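2 protein chains.
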Amino acid sequence: MAGCARGSARAVLACLLAPVLVALLVAPARGRGGREHADWDAAKLLPPLPPREKAALVARFVTNVCDWGALATISTQEGVRGRPFADVLSLSDGPPSKGSGVPYFYLSPLQQSVGNLKENPYATLTMSLAETSFCKKYGFDPQSPLCAHTILSGTVVKVSETEVDIAKNSLFIRHPEMKSWPSSHNWFFAKLNITNIWVLDYFGGPKIVTPEEYYNVTFQ
Amino acid sequence: MAGCARGSARAVLACLLAPVLVALLVAPARGRGGREHADWDAAKLLPPLPPREKAALVARFVTNVCDWGALATISTQEGVRGRPFADVLSLSDGPPSKGSGVPYFYLSPLQQSVGNLKENPYATLTMSLAETSFCKKYGFDPQSPLCAHTILSGTVVKVSETEVDIAKNSLFIRHPEMKSWPSSHNWFFAKLNITNIWVLDYFGGPKIVTPEEYYNVTFQ
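Chains as they are written, first to last, in the working numbering: chain F, 1 to 220; chain H, 1 to 220.
Simulated from the structure, these hints should not be mistaken for laboratory data.
Treat the hints with care, since some could be wrong.
A pair counts as met if it fits within one copy or between any two copies, since identical chains are not told apart.
[Stated by the list, open to error] Computed cross-link-like contacts, DSS-like style, restricted to lysine-lysine with a CA-CA straight-line distance of at most 27 angstroms: (1) 158 <-> 179; (2) 98 <-> 158; (3) 158 <-> 137; (4) 118 <-> 54; (5) 168 <-> 137; (6) 137 <-> 118; (7) 54 <-> 168; (8) 137 <-> 98; (9) 179 <-> 137; (10) 207 <-> 168.
Because the structure is a prediction, the values reported are computed rather than measured.
Excised from the complex, chain F in its bound form (with noise of 0.2 angstroms):
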């Protein structure tokens, strides 16, 4: 703070301040709630999109800069018994910028969407830019393509033995808080068997991508 100490007491002020504000300016959004969840909204880092053309790349991409998605099932509850539901769920496919694709869930028998894969376990998980900063930065309605959202449909299955680990690791440091959920809800780790893949990324229709082109992408 050398050369603040000369001058009006406002300048000296402003002098001391200034770089405080500055800071306070580009400091990402800590303690609001956001950081917990490795959230790159508030702090503005979301990497950028990767090119559209390269659909498989925008699918991984989207799973893993989101941290929650939409599940469609076939209900089993009375009175809607055979027609599609649909859920919000908590996923994640790994660290930000190191996820594996699959998206894995923390589910509970007590959950309307599980009692329903128990009997069906066909399900199709949507996701959307539209659930992070993205589209509102640039302008995208929701509905509009350059808002990028994939599908993926498949099954979902309880995590085996041997994966459960991952499961665990790659949810908990997206999802801090399930660490604390009760046991009487009688947690286990799912994922998505994806068998297949639309990316709806630019206009001209949804474009497909098989789990193998999904699977097989490298990051830089």
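Based on these hints, arrange chain H on the given structure of chain F.
Just chain H, lined up with the frame of chain F:
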């Protein structure tokens, strides 16, 4: 800026900059894509959540503050016929704080979901406060019931001629980009005729709200 002129160059610069930095810190994110969508996030003007025990009020609140959701339908697509499908759709029940509760959509026959609905109009829409700044602000995980979300089941139907203007006004005020979507896509206005509502806004499981309770809500 009286009083800034005296002192070292550093002090003068800081004195001039300080008010600017403060202004930047406190100003809402205007012009960054948010305002156009009557977006409360950018303006930080999200109204307070109604009391959580008033489930019908909470349901109406979620419908009004969200401008997109995920819709589950039964797939008619090759390879996944009969399985549950999920997609992202923009929606609106009216202007901010003046919603009717009716989720209106702007759909095209080119959309996968619309192809599904032609064969089977049953659908479930889910919307979450995770789409807004609410959950991050309070540090609620997207799967926590405290990060309130709703599930509305019913049928998606094209709106009647008499309802087109209401649907159009509701949608275009929240989604002005829609006005310029290409007519070659044969856009039409639709809505969800709601038969079942579940509200997850607190511990203890989903609360059931009847369509009657939902539509009878009166806001202050």
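Quiz item: So which hints don't hold here, by number, going up?
Solution: Numbers 3, 4, 6, 7, 10 - these are the hints that the structure violates, sorted from lowest upward.
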